[in-house]
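Participant: Sequence:
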Amino acid sequence: MRRILFDSPISRAGYLYATCVGALWGSLWSTGRVERRNGLIVFSGMPAWTFGRGGSCVGGCYLTNRNVSADVLEHEAVHKRQWQRYGMVFPLLYLVAGRNPLRNRFEIQAGLQKGGYVN
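Residues in the sequence shown are numbered from 99 upward in steps of one, following the working numbering.
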């Protein structure tokens, strides 16, 4: 079952769908620069209510107000890879992993320090 769902054409299709959703959402609400950085489409100038925490990775898109440091983008690039691996199952897996970033395995894998969760 894992071979079918993870790192598969099905997960890649889910990643591409999520990227389209992220790009549409970013295009609707971004008032800042839209640029490609670290393999991500970065939408800045987003209103705070349009993303979670300091920013959200949706597929290959990173949605934020202005949280675009090199460390944060490196952290978000790992989330992009997680989207590619898990596809549309990723949001469910992330939810099950918990809202506390210090215990969430996906945040730990992406790097708590680079994500700004610890010093």
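Honestly, the hints are just simulated from the structure, not real lab data. There's no promise every hint is true.
[Unchecked claim] Derived DEER-like restraints, expressed as beta-carbon distance ranges:
id: 1; residue 1: R151; residue 2: Y115; range: 18 to 24 Å
id: 2; residue 1: L200; residue 2: G143; range: 25 to 31 Å
id: 3; residue 1: R179; residue 2: W127; range: 20 to 26 Å
id: 4; residue 1: P189; residue 2: W147; range: 16 to 22 Å
id: 5; residue 1: P189; residue 2: G137; range: 16 to 22 Å
id: 6; residue 1: R151; residue 2: V119; range: 26 to 32 Å
id: 7; residue 1: R131; residue 2: I108; range: 31 to 37 Å
Since the structure is predicted, the reported quantities are computational estimates derived from the model, not experimental observations. Cβ atoms here follow ideal geometry from the backbone N, Cα and C, with glycine treated the same way.
Participant: So, for every hint listed, does it hold in this structure?
Facilitator: Going down the list of hints, with the structure as the test:
Separation of R151 from Y115 is about 23 Å and conforms to the stated range, judged on CB atoms against 18 to 24 Å. The hinted range of 25 to 31 Å is satisfied by L200 and G143, whose Cβ atoms lie roughly 29 Å apart. In this structure, R179 and W127 meet the distance hint of 20 to 26 Å, their C-beta atoms being roughly 25 Å apart. Roughly 18 Å separates the CB atoms of P189 and W147, a value that falls within the hinted 16 to 22 Å.
The hint said 16 to 22 Å for the Cβ distance between P189 and G137, and at roughly 20 Å that hint holds. For R151 paired with V119, a C-beta distance near 18 Å fails the hint of 26 to 32 Å. Between R131 and I108 the beta carbons are some 33 Å apart, a value that agrees with the proposed interval 31 to 37 Å.
Violated hints amount to a single one, hint 6; each of the other numbered hints is respected by the structure.
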